Structure formats: structure tokens, C-alpha cells
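Q: Start from the sequences and build out the full structure, keeping to the hints where you can.
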Amino acid sequence: MTATLSALGGVVKRREDPALIHGRARYVDDIKLANMAHAAFVRSPYPHARVTDIDASEALAMEGVFAVYTADDVRHLGLLLAQITVVNRPLLVDVAKHAGDAVAMVVAADRYVAQDAADAIHVEYDVLPSVTNMVKAATNEILVHDGMESNVILSWEGGPFGDEEGIAATRKTIAEARKRDDTVTVSIEMRNQRLLPTAIEPRCVLADWNGGYSRFDLYSSTQIPHALAGAVAKTFGLPYNSVRCLAQEVGGGFGAKLNVYSDEMLVCFASQKLHRPVKWTETRREAANSTIQGRGWVATASMTGTRDGELLGYELTGVCDMGAYTQNFTAAIPFLGVFVGSGQYKMPTYIKLDCVVTHTMTTDAYRGAGRPEAIYYLERILDAFAREIDMDPADVRRKNFIPNDAFPSAISPIGFAMDTGDYATNLDALLAKADYEGLKAERDAARAEGRLVGIGLSSYVEVCGFGPSGLVDLGFSWSEYGLPSAFNGNGVVRVHPDGTVTCVIGTGPSGQGHQTTWAQIISHHLAVPIENVRVIHGDTHESPVGIGSFGSRSAAVDGSATWMAADRVRDKAAKLAAHLLEAAPEDIRFADNEAHVAGSPYHKVSWSDIATLAYQPHRLPEGMEGGLEAAVVFSPANATWPFGTHLALVEIDPDTGNTQLLRYIAMDDCGEVINPMIVDGQIHGGIAQGVGQAMFEEAIYDEDGNLLSASLMDYLLPTAADLPSFELDRTVTPTDVNPMGVKGVGEAGTIGSAQPIVNAVVDALSPFGVKHIDMPVRPKRVWEAIQAAKGA
Amino acid sequence: MQVSMTVNGEPVAADVEPRTLLVHFLRENLSLTGTHVGCETSYCGACTIHLDGAPVKSCTMLAVQADGATIMTIEGLADDGELHPVQEGFWERHGLQCGYCTPGMIMSGAALIASNPNPTEDDIRHGIEGNLCRCTGYHNIVKAIEYAAATMRGDTPAPAEWEEETS
Chain A
1100 MTATLSALGG
1110 VVKRREDPAL
1120 IHGRARYVDD
1130 IKLANMAHAA
1140 FVRSPYPHAR
1150 VTDIDASEAL
1160 AMEGVFAVYT
1170 ADDVRHLGLL
1180 LAQITVVNRP
1190 LLVDVAKHAG
1200 DAVAMVVAAD
1210 RYVAQDAADA
1220 IHVEYDVLPS
1230 VTNMVKAATN
1240 EILVHDGMES
1250 NVILSWEGGP
1260 FGDEEGIAAT
1270 RKTIAEARKR
1280 DDTVTVSIEM
1290 RNQRLLPTAI
1300 EPRCVLADWN
1310 GGYSRFDLYS
1320 STQIPHALAG
1330 AVAKTFGLPY
1340 NSVRCLAQEV
1350 GGGFGAKLNV
1360 YSDEMLVCFA
1370 SQKLHRPVKW
1380 TETRREAANS
1390 TIQGRGWVAT
1400 ASMTGTRDGE
1410 LLGYELTGVC
1420 DMGAYTQNFT
1430 AAIPFLGVFV
1440 GSGQYKMPTY
1450 IKLDCVVTHT
1460 MTTDAYRGAG
1470 RPEAIYYLER
1480 ILDAFAREID
1490 MDPADVRRKN
1500 FIPNDAFPSA
1510 ISPIGFAMDT
1520 GDYATNLDAL
1530 LAKADYEGLK
1540 AERDAARAEG
1550 RLVGIGLSSY
1560 VEVCGFGPSG
1570 LVDLGFSWSE
1580 YGLPSAFNGN
1590 GVVRVHPDGT
1600 VTCVIGTGPS
1610 GQGHQTTWAQ
1620 IISHHLAVPI
1630 ENVRVIHGDT
1640 HESPVGIGSF
1650 GSRSAAVDGS
1660 ATWMAADRVR
1670 DKAAKLAAHL
1680 LEAAPEDIRF
1690 ADNEAHVAGS
1700 PYHKVSWSDI
1710 ATLAYQPHRL
1720 PEGMEGGLEA
1730 AVVFSPANAT
1740 WPFGTHLALV
1750 EIDPDTGNTQ
1760 LLRYIAMDDC
1770 GEVINPMIVD
1780 GQIHGGIAQG
1790 VGQAMFEEAI
1800 YDEDGNLLSA
1810 SLMDYLLPTA
1820 ADLPSFELDR
1830 TVTPTDVNPM
1840 GVKGVGEAGT
1850 IGSAQPIVNA
1860 VVDALSPFGV
1870 KHIDMPVRPK
1880 RVWEAIQAAK
1890 GA
Chain B
749 MQVSMTVNGE
759 PVAADVEPRT
769 LLVHFLRENL
779 SLTGTHVGCE
789 TSYCGACTIH
799 LDGAPVKSCT
809 MLAVQADGAT
819 IMTIEGLADD
829 GELHPVQEGF
839 WERHGLQCGY
849 CTPGMIMSGA
859 ALIASNPNPT
869 EDDIRHGIEG
879 NLCRCTGYHN
889 IVKAIEYAAA
899 TMRGDTPAPA
909 EWEEETS
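For the protein sequence lines, the chains are A and B, in the order given. Under the working numbering, read the first sequence as residues 1100 to 1891, first letter to last. Under the working numbering, read the second sequence as residues 749 to 915, first letter to last.
Please note: incorrect hints may appear among the correct ones.
[To be verified] Pairs of lysine to aspartate or glutamate residues, derived as EDC-like cross-links and limited to a Cα-Cα distance of at most 20 Å, are as follows:
1. A:Lys1372 - A:Asp1280
2. A:Lys1131 - B:Glu776
3. A:Lys1532 - B:Glu911
4. A:Lys1112 - B:Glu830
5. A:Lys1112 - B:Glu911
6. A:Lys1112 - B:Glu840
7. A:Lys1112 - B:Glu894
8. A:Lys1131 - B:Glu823
9. A:Lys1112 - B:Glu836
10. A:Lys1671 - A:Asp1686
Since the hints were derived computationally from the structure, they do not count as laboratory data. None of these values were measured; they are calculated from a predicted model.
A: Here it is, written out as C-alpha cells:
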């Protein structure tokens, strides 16, 4: 049972679904244009190698091959643009910096011929020394990039963030706490392994240059169509409105499609050169080797506190793997970890994360982006601390929460203002739902029978809903892509003469159901039927600006802008209705697709009557302009801070080390909820990705720089048989930074879910004295931990 | 090479390269783009179709191997515009988000119910093990298939979780 109903109409079946379940939706790879050619890439098999010769003669002689391009052909376009610029990627390379770096592009009549031709290009390499391990890279024995003094390109430090004196004081406080006789300090070095985001739809891009109008139509499977349009415009020296980027149906993103990619620039280049549309569809192997990866941290977490559970200091220091180049947000991802690094707690916190380049594919935002990593370390070490002092981990958490009276705008130990929170209520609701005491008794009974059963908890906070326009000052904007926009939300609401409504937004959904949720927002506000609302997203010619969909931001920021735009439309409609009904605007009420005078329901006009008047200026009251639409750009006062508590119950087979996830119970708080069905769906998917990290997934590079997990046979995604049904519920603590009170939910499930599983595994293995195990907790690793503990 | 087969009730014939994968034949030659490609190792199941009534990953077969076969793709599943119960279940129970794995998942779900009209949750979870979804955590896919199986048996499907919430 879920505690609340939607403020905006509750569950509405998705409007996206009919096309999708009939197989009639149109993803980019489904689009065929006349005269369309296909591209394929030749990629370096080496992590670091200079190209000494490229022989494309055989490929060029093949029937149906139109062109082969190499680094020299595209050098004039400059480097791939990125939002946070540190080490930008060349579009095609003459020195490869990771396996998978693109050396040449072939364009041919169909995809089979393009791949044949790519295979027929002979490249000679001078293989150079490489470093693929971030800890080794941090020693600078081998430099990833010539001319750089260090592989450590940036360090993020807090708290308080950006306050050197404050940081020194925090460190002193923590050091003093450690020295006290009555305190305990627990330290563990933990890996937060690299992951492949793995949207089931591979990336695909189709560029269509129209030489007559000097214009690109660009279809791409992207979360950020407007940024892509800006990047193409800037790269090709075109005005922004000469690039129309369309991202209509996107088959999952999870951050992988929150990037501008060199292939997107290169198909544009080829289309312009060849005067024909050019499409490129990623293979799954390319998705592994040349689409961004996520996570990849090695860090040591230390928690200090008293034996009665008062936390006095938390430290996290480590290195974060950037891969070879920085793309869209790459170097900023660890910052998001610092942002939430102190979680729901009030203890003094010091975090320092070094961003290190290696000869591997770039990392960037993967669902949660820095926040799952940071919360993982915090919640793991908090559990280890609780175990050390022999106190229930739920009690340690409760004892150290930022108290309710600190909200709104509680200042976290890292120095950021947190909008709203009620952590104890949420924890207690989770414990009640799980029957925590009963569950512990079950576990203990199982343990008495020799079974390895464990319970794991995690609290979390997320920072999302980006965001305040002022984030521009921290470097978060699209200015590098030639766009002025900060992370504001935007919404356009337009009423047509027949009373139907079109809503235009600049989001870039990839399955989150914006067609449905936004129709609910409009329908609720204007009292028009959902069927009369059309929602347009993913078209840069329709929306004046657009930030895209990532960072759990769309509903909180663009949804709020749409809400406000609908507000303005309703205000004007009230005046128009008042004119028609000879009443005062403040007496107009909207219901059932009509406006009536308060207290007089039969004294009414339809939305069609109102809108028709709006487009007949001669009938309007004096001084009123025609038209019935509004466009709002909204900057919230702050980001939002969703939170929650998750619990996992696992059982381990002592003979095989296999971990079975028996139950998963989650209590999330994302503020107000628009469509509970969609919100729960986001949490389900988010949890599955956290479970994937905890139990199965790992992107593994060998010493020679080969990605060993580049196919779905080697990179283990959870299947239906690996997961239980999830048990969800929610508490509702509205935010005060936007008019709907919504916080965002896209990443919450992932941020909450890896560590309760590992905490549960450690709990299950605690009879052996096991205190730590790294992810993923695959059978071999668990079995070895059991054997090592038995031997010890 | 010349191939002919029946696809969604229509006879089709074409001259294809011997190496043409069945999924590419369906998508490129017949423009039936509802069948998707998510990997090249027959692992993800986005390309699942029915071949002579059995669920098959169409990226694992050459078009020429399907010569003479009767094929049904997602486009052919609805009966004269009326949703197949599995399609209905996916819509009713929010069994899809981005929709990319959905056609393959629906085809697998339909085949599962055809062979096991009364599947348990465990049967369903193992039955769709060959189809990967990255969005839903499979939670609502299981509910969608349970809904469809109940409907096809003539039973009333269990209420949606959100219906339980409001009662």
C-alpha cells in the first residue's frame, strides 16, 4: 500500500504505449531516408598507439563504398565539444588513447558493405606504453596525454565545499575525535567498479544535410537534443536554428545518451560532404567500447564515533577514473558525489576525490552519477561502524540524522542547502513495512540452522532537479555548445482555436512517460481532457530552449515551468471567459473542459469558445491582445533532495557462494507524486540497476587495455530470474523550491540499492568474521571470502 | 538467393544475400521495424519473433534459413486492431518504459502463455530470462504477463498494485 495519491489525477495509463506495443514506434534506426548511406568505424584495438599508416585502397575499391575519412579530413572541425572541458576528444584520432578510439570512418551504400569496408582497411600502429588502472595512473609513471604534467586532472574537496579554512577546521575536528579514548574508527578501502550503462537500444544517429538551405536535420538517440543541435551548429559554423535535432523515440538512456558524441559530428560531416543522408548504428561492442561508461572509483572510507553510536567524523578519499578524455560532464561526476557525500547525517565530513585519466573509454553520468558511489561508501562504512560497536545499524542512522527542525534549507556538513527532509519518519516507515524486528528474528533463526541469511539497510539522499540558474557559476551550462542556457526548465503551453492544447518542452525522455505526465499537468490545470493535450518534446525547432532529461530533473524543473505556463494561460482564459459570460475574472472556475461562473454551473462557455475568441481580436475587450499561449523559463531556488531507506534480505549458498536476493523493500520520498504508476516504475528500474552493480555487472579492462566485458555474454545484466518482485512504499515530503512540490525520482532507486545488498551479504557472512566484500558479489568472490575467513 | 515465407499472414518473396540475417530481412526488406536489434550475440531478445509458432531470436538466423516458414512479428500480433492480451497486459500494468525490448518481450510472453496457460511468477521469470530489459526491473513485466495469462484463461486479473493502493 502506498501512502498517498497523486496531487494531479493519479494513475493514468501511458499515452506512449499504443505505438510501442504495436511495434509502430519509430526509433532512429527505423527511419529510412531516400539515398541514405551507412557509416561504420575502424577502431583502435590498442589502448595507446600512434597510427603510422592507413591503407584504405581495398575498401575504396569495393562496390558501394562512397568514402573513407581519417583524422586529417576532420581536423579542421576541432575537438569534440564538452560541457566541462579538460581533455577533449579528437573526432578521429591519429594517436589512439583507448581501445575503441575511432581511427577511420567508412560511408557506404548499406550497413553490411560499410562493415566489410571497415574490415578491409589496414591500419598500422606504433603501440605506446599504456596505463589502464587508475591507481597506477595516479602515480604518473605513464602519462596518458603528452604535454600534461599529471594524470590527475582535477580534485574535488569538501566540506565545506570551496572553503579552505573550513576544510582545515573539519579535518582538525575529525583528527581530534579519532584521538579520543572513547571513540572507534573504522576504515575500509572499497572499489566502486566500472559499469556499462547498456540501454537496450544502441545509440543511432542519422544526419541529413540540406545544401540548398544550409541546414541539418539530425535524428539522434539522445537525452539532450538541444545541446546536440548547439554542438553541431558550433562545430560546423552554422546558426543554431539551422540544425534541427529530433529525438523522438529513445530506447533507454541512463546517462549513456547524455553526451554529445564524435560519431554525431562525423555523420553530419559525411552527409555534408556526400550530399546524402548518413546513418550510423552502434553495435553492442561499440556501445561498450565507445559509449561512455560509469562509476569507477577506488576510495577509503573512515567513520569515527562513540561506542553509543554518535558519529563524530567521516572521511572519504580516493581516485575516480575519468577514462582517456573528458566528455560532457565527465570530470564533474565526482563533484556530484561530494555534493551528497554526508548523506542524511550531521557528522563533520571531509571528502577528497582525485579525477584521474587512464587509457580507457571515458566515464560520465550513469544513472545516479557520482551519488550512488558516494552513498555506497557512506552507507557501507556506517554499517561497518555499527557492527564494530555492536549497535543496530538502523539505530546508528536514526541517532545521527539531520533533525527535522533544521529544515527547510538545512545546511549539510558539505555546506550545501538541502530543501526539505524528514528522515526518521521515512526510516521508521521502512522498518514497519519490513517488520524489521520480525525479519531479524527470522534471520537469527535461520542462522541458528547454519544458513547464511543477511539483512542490509541503506539510507540515502540524492541531489537532483537541476537546477538553479546559478549553477552556471559552477561551470554547469551549455555555453561550450554555443548555448546560453543554464539548467532552467522551460514550458510552452498553447491553446488552439478548437480548445485543444499543445505543450512544448525541451526535455529528452527515454522511457519516462513525459507524454503522459505533462498531459496530466496541463489537464489538471486547465480542466481539459487528457486526450485534448498534445505534448511535443525532442524537437529543437519546436522548443525555444531545452536542457534535456537527466539528473532526475524533468518533472521538477520543466514540469514546474509547464505548470506556470498553464497558470498564465488559465489566467488569460479566465479573462476571456469573463468577457463572454459578463462576469468578473476572479469568479471564473474551470471544470470538465469548460469555464463557468462560480455558484452558477450552467452559466458556462467551452474551451473552444474561449480559444476562438482569443484568435478573433476584433471581439476582444479593449486593451487585450489576441492569442492564448504562454512560455515560461523557470529557475528553482535550489536543487531538490529526495531521500529514502532501502532494505535487502539475502541468502548465500555456503557451498557455491551464490547470493540470492530474497526480498527488496524500499521506502522512497520524492516529494509530491504526479503519476504513482510511473514513479514506482522508475524506482523498480532504478533498483534493478543498483542490484546489477551489487551482484553482477562489471566493466573489466585487462592490463593490455582490452575491455573484456564488451558483449552481453560477458557483461552480466540482471535477468527476470535474478530478481524478486520489489516491495515499495513512500513517504511524501514536498519540496519548497517548485510550485508542484515534486523532487524527482529517476535515479533514486539506483542511489539507494547497491549498498543494502552488500551490507546484507556482509551481514550474512558475519558469522565467519567477514567485514568487507567488494562488488559485484559474484559467487566466486563470496566463496573465496568464506574460504579465506575459514582459513583465518 | 531467393527466399519466400509467410509474414504476418502475407506471402513475401525476395532475393537476398545469403548472409542476410532474418532480423535485417524483416526490418530492411519488409520495413517491419517493430522487431529490434539490441546486441549481436543473441542475448538480449529484442529481436524475438514467432517462427512456425515458436519464439525465435531473429538475429540468430539467416533469412534463407526461414525459407518456407510462417513468421509472426509484433506488427502481426494484434487481431484486426484488437490488442493481444499480452499487449493489453503491458499497457494495463505498465510493463514497458522505453519500449525497445517490448516487442521481443511481448512475443516471448505470448509464447510462454501458449505453452503454459497458468504460469507462476517463477515460471514467468524463468520464461523470459532470454529477454533483457533495462528499464522496468521486470517487476511490471511479470505483472503484465500474469494479467494476460489470467485474461486468456477467462479469469479476472489481479488488481494493479496502484488499484490496491486506492482501495
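Q: Would you mind marking each hint as holding or not holding in the structure?
A: Structure-based check of each hint:
With a C-alpha separation of about 73 Å, the suggested pair lysine 1372 of chain A and aspartate 1280 of chain A falls outside the 20 Å cut-off, and the hint is violated. A threshold of 20 Å between alpha carbons decides the hint, and for lysine 1131 of chain A with glutamate 776 of chain B the separation of about 9 Å falls inside it, so the pair holds. As the CA atoms of lysine 1532 of chain A and glutamate 911 of chain B are separated by approximately 19 Å, the hinted pair is consistent with the 20 Å bound. For the proposed pair lysine 1112 of chain A and glutamate 830 of chain B, the alpha carbon gap of about 17 Å is at most 20 Å, so the pair holds.
Using a Cα cut-off of 20 Å, the hinted pair lysine 1112 of chain A and glutamate 911 of chain B holds, with the two alpha carbons roughly 12 Å apart. Using a Cα cut-off of 20 Å, the hinted pair lysine 1112 of chain A and glutamate 840 of chain B holds, with the two alpha carbons roughly 7 Å apart. Among the hinted pairs, lysine 1112 of chain A with glutamate 894 of chain B is consistent with the structure: their alpha-carbon atoms are about 18 Å apart, no more than 20 Å. The straight-line distance between the Cα atoms of lysine 1131 of chain A and glutamate 823 of chain B is roughly 18 Å, inside the 20 Å bound, and the hint therefore holds.
A hinted pair counts as satisfied when its Cα atoms are at most 20 Å apart, and lysine 1112 of chain A with glutamate 836 of chain B qualifies at roughly 11 Å. Pair hint lysine 1671 of chain A plus aspartate 1686 of chain A holds up; C-alpha atoms about 13 Å apart against a cutoff of 20 Å.
This entry does not satisfy hint 1, going by the numbered hints stated previously; all others are met.
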